[in-house]
Structures are given as C-alpha cells and as structure tokens.
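Asker: Using the sequences and the accompanying hints, generate a full structural model.
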Amino acid sequence: MTTKLYAADVSEPIIDELTGHEGQGTSRRVYKKDMPLTKLHAAIVKVEWPEVAL
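If you read the sequence shown in this note's numbering, its first letter stands for residue 1, the second for the next number, and so on.
Fair warning: there could be bad hints in the mix.
[What the hints assert, rightly or not] If you anchor each label on the Cβ, the simulated ranges turn out as follows:
(1) Gly-20 / Ala-42: 16 to 26 Å
(2) Leu-54 / Glu-22: 30 to 40 Å
(3) Glu-22 / Ala-53: 27 to 37 Å
To be clear, the hints were calculated from the coordinates, so they are not data collected in a lab. For every residue, glycine included, the Cβ atom is placed at its ideal position computed from N, Cα and C.
Answerer: What follows is the structure in structure tokens.
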C-alpha cells in the first residue's frame, strides 16, 4: 500500500496516517491529530490497482 500511495503522489503525512506509522518529525509525532476522513479518502481513491480485476 505504501508503494501505491507514493506512486499516486500522496503526501508522506497522509501515508503515515493511513499505514499507522508515526512519521519522523516532532510535530507529526507529538502534535499531529487525526486527519479528516475526507482527506484520507481522497488519498485512497488516488491509488490505482490495474492488477485487480473487478
């Protein structure tokens, strides 16, 4: 998933939030609160899965 998110040009803080990682900076580790669901959804729908046939 992380590779797919990077390929879709999703920002690192959003990737960290979606994958459950804390991130590197103090601001992200200590002060960052949960991202709005609309922002997370926008990132998820950017990912393409050509190898999955629906």
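Asker: Hint by hint, say whether it matches the structure.
Answerer: Status of each hint after checking the structure:
1. Gly-20 / Ala-42: 16 to 26 Å: holds, 18 Å
2. Leu-54 / Glu-22: 30 to 40 Å: holds, 33 Å
3. Glu-22 / Ala-53: 27 to 37 Å: holds, 35 Å
Taken one by one, the earlier hints all hold for this structure without exception.
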